[in-house]
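A.B. asks: If you want the building blocks of each chain, they are given just below.
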Amino acid sequence: MSVLASSDCKETFVLNLGPQHPATHGVLRVKLTMDGEYIRHAEPVLGYIHRMHEKMGENRTWAQFMPNTGRLDYLSALSYNHGYVLAVERAAGIAVPERAEYIRVITVELNRISSHLVWFGAFILDLGGFTPLLYAFDDREIILDLLQAVTGSRLTYCYFRFGGVYNDIEPDFITGTLAFIKRLRERMPMYHNLVTKNIILIKRLKDIGFVPAEMCRKYGATGPVLRGAGVGYDVRRAEPYSVYPELDFDIPTYPEGDCMARYMVRLDEIEQSMRIIEQACAKLPDGPVMAEKAPKIIKPAKGDYYAAVEAARGSFGVRLVSDGTTTPYRLKLRSPSYSNLSLFGEASRGMLLPDALALMGSLDLVIPEIDR
Amino acid sequence: MNLHSEPIRLLAFLVGIIAFAALNAAYLVWLERKVAGHVQRRIGPKEVGPFGLLQPLVDGIKLMTKQVLIPDNIDPILFRLAPPLLLIPAVMSFVTIPFSETLVARDINLGLLMIFAFASINVLGILLGGWGSNNKYAVIAAARGVSQNVAYEIPMLITVITMVMITHTLNLNEIVRQQGGGIFNWYIFRWSANPLMLISFLIFFTCSLAETNRAPFDLGEAESELVAGYHTEYSGMGFGIFFMGEYANIVIGCSLATILFLGGWQCPFGLWPGVHWFLIKLYILIFTVILIRWTFPRTTIYGLLNLSWKVLIPFALFNLILTGAMIKIWPMIFP
Amino acid sequence: MISLALKSALAALAVNEAVVTDFAARGFHFDVTVAPDAVEAAAEILNLEGFFLEAITGVDWLADGQMEVVYDYNHSTTPGRVVIRARVSRATPELPTVSAIYPGALWHERETHDFFGIVFLRHPDLSPLLLPEDADFHPLRKDYTP
Amino acid sequence: MSGYFAEIFSGAKSLASGMGITFRYMFKPVVTVQYPHATLKMPERYRGHIELVKDPESGEPKCIVCGMCQRACPSGCITVAGDKLEGEKKKVLSKYVLNFTTCSLCGSCVESCKPGAIQFSREYNLASTRKEDYTIDLLQRLREQR
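Protein chains in written order, with our numbering: chain H, 243 to 614; chain B, 391 to 725; chain U, 110 to 255; chain L, 1100 to 1245.
If you're looking for bench data, these hints aren't it; they were derived computationally from the structure. Treat the numbers as computed from the prediction; the structure is a model and nothing was measured. In this text, a Cβ means the ideal position worked out from N, Cα and C, and glycines have one as well. Please note: incorrect hints may appear among the correct ones.
Restraint ranges, calculated between C-beta atoms of paired labels, are given here [to be verified]:
hint, chain 1, residue 1, chain 2, residue 2, range
1, H, D565, B, L459, 55 to 61 Å
2, H, G472, B, L588, 39 to 45 Å
3, L, R1242, H, D490, 53 to 59 Å
4, L, G1158, H, D490, 39 to 45 Å
5, U, V129, H, E498, 35 to 41 Å
6, U, V129, H, K525, 33 to 39 Å
7, H, G474, U, D131, 23 to 29 Å
Isolated chain H (complex conformation):
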């Protein structure tokens, strides 16, 4: 590559980080050309768990593709459910009852918190601290229990349906959710004292791994990566969907663009999600959870449709092309981590290996979603 040719130092070596490496969280491989511990060139190698979901979509009915969406990003599966049902509802013109919308928002935001908690733990694990991971899992376990009681599964949810949700929530769920939020509010200061204020962590994250807003734009990075660069872009506000316009929440942004900024964005997002859930629980109306007019067999009109949601990792988009039959003609899944990872090569150039791993951790990668 050009980087090598232009460098004076010929003594570089290639380090294969992955596909089985503790820091890559799955089967991502990064081919690093290193000069000592400095990274000259980093090239992510993808596709180890590529499953061709898009081709599967072309061979199934619209409804049959639902379980696949939960298997893209195993940490915030409900957001991906949501993105897909939004796209199909838009294409087929299905209206969703208000109660179902509120239930969707509550469960998606719970899922977002659980996703951010896993990221938080795994990120500190990347940096060498083990204990916060298990504290975060302790909290996440409650979310999984809550969601399990509603959806029946713990990780790869398949809860939303075109025109509503699979089944109604029980009153226990609301009380359990509010109790959990109370608990997490009390635990957040602990997390900050244990981790955020820790001098070692500050030294490792502050001014490390710059991803400026312009780089985000060039690579199409969204979500906390973009918000950590100071751009307050959030699909929930930019293209309001579901009942988000009726809820009051802030979009945390930090202008620094370093690892610390992305870290703080996600921790603040946990707090904002808690606010959203509280409001949604208070406003939850009575009524059906499934549109009565929702057709059993979906046949959207010819044309192409797009729907985006704010998943935990950024903007998840679904582009549907319908030819008016019961199966999609083309189904494109735009996953946020894919774009977020694509900037890694440029952003990590010249960094030390541990800092590059901090940068990779702060991008919050989920490999099945990248490989699809």
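Mind docking chains B, U and L on chain H? Use the hints.
C.D. replies: Just chains B, U and L, lined up with the frame of chain H:
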């Protein structure tokens, strides 16, 4: 048979020291896992024996029965030499440690010097292990380990020189004897000798963490970056010996801190001095070391060097000068 | 929202009429079909306006003997989705790359090449990204049989 | 210079407070479940693999062999067959096999079932080293439950 004859005494100590080092390695792993478990609100080992107490034994058997895989293209001599090179100096250092006034293998006058001489060898074990494995991760880890050890030996030795200036001796047993008669005679609280003694202790403790490659300075085996660092390619007992050497080093580091600052086998209130006080203090320090590992994230190599050169060395040097001044000026004011 | 100047600039490149679409029904605001040679020019216009590239994908229109490449652009501060389409023939599916303007397109174009066999001219590396490294098939083509 | 000392001081304080937290947590009760010795009860809606539902009156499966579940299943893991007995109007279930290796527990089959003849079981101890253990004959399972 005369039980006090020198060869028998030495033999007894030899067996005792090796047993102490091996048992410590085994049960510190157990302690580490238990502490980690409870810190993380788990139980830790519990299946084998009561409270999982037999777990280290079973682990040991497992390690010994495992095949020692020797990868291709390694340096066959260095690869095999490295683990003993890490373990033997650590075990040798126990020779001069005074567990109590009488329970010391060799009460030599240069005990402190000898321990530091041996402590410098174990860097070689890390370097050769990393280099001999012919593995990129291991080489990076070895390079890190060496620069880290070299950087931290300086503040550590400066602090030790400060201590030697106060104690006037390198004999460890003598240093402990000087701290008799209650907690305020311990060097950590002997503020008449140097008001910054507490800082000296912290510098020494931090350095011994770094010297023993313990978290948060475990850059040499940073598992989320370098898989397993310099012992990536070692399996079975090769890995087991590295492990034992590491834990023996921790015990040595904490023993030295106990002896130099916390009064060794002396009792905090001047009564019943003996080996039990030494062990209590030692294990409190070791517990702190373990708790530190399960609390903090890892530093980076430049963070580590920054800490050494910008914080620890200036403070240690200041301490040295202050102590020298106190020794010379104090008697002039109060003759 | 999308400025009038931008709309007219893009409409100048369009092969047929540029459409202002109903966002609620379709999910994007502006839909332009351009000639394959004009995708770079369109990207340049959008780049100057501060748009970012969300995704590039293809659609295989087997019946028409054509393949469509779809570029999804979006703006982060003044939200407005612009869809740029270009149709190439199935026999010679070639069009220029936009990766010089948007480096993020590198991977999206590689993926589209993987799945459809569409060649992006002047792209530095079109080796398979998600498919196995020796893959010579294009699974999202409608005539693909495994 | 004062920043230098302030940083050392605040850094040391942060380290000490972190150690205080972990030390306090060490004495808090354990939150894990010691799995083989203790198990959790699955909630009402837990989605284990599917199972057939008995008709409380006749004791026979409620299934009417309509095949809706088989058609709804995205991964084709259900095989249903029925015999038409002489003199009976309805088919009688003769075979209901679930290939659990490809099942994604989406619940499409349970939703599509008009008579409510299938439901989720609450079984989760399904580890095995043999692939054949996951081809579950649900009809036989129902009969064994009797």
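A.B. asks: Against which earlier hints does the structure fall short, listed by number upward?
C.D. replies: 4
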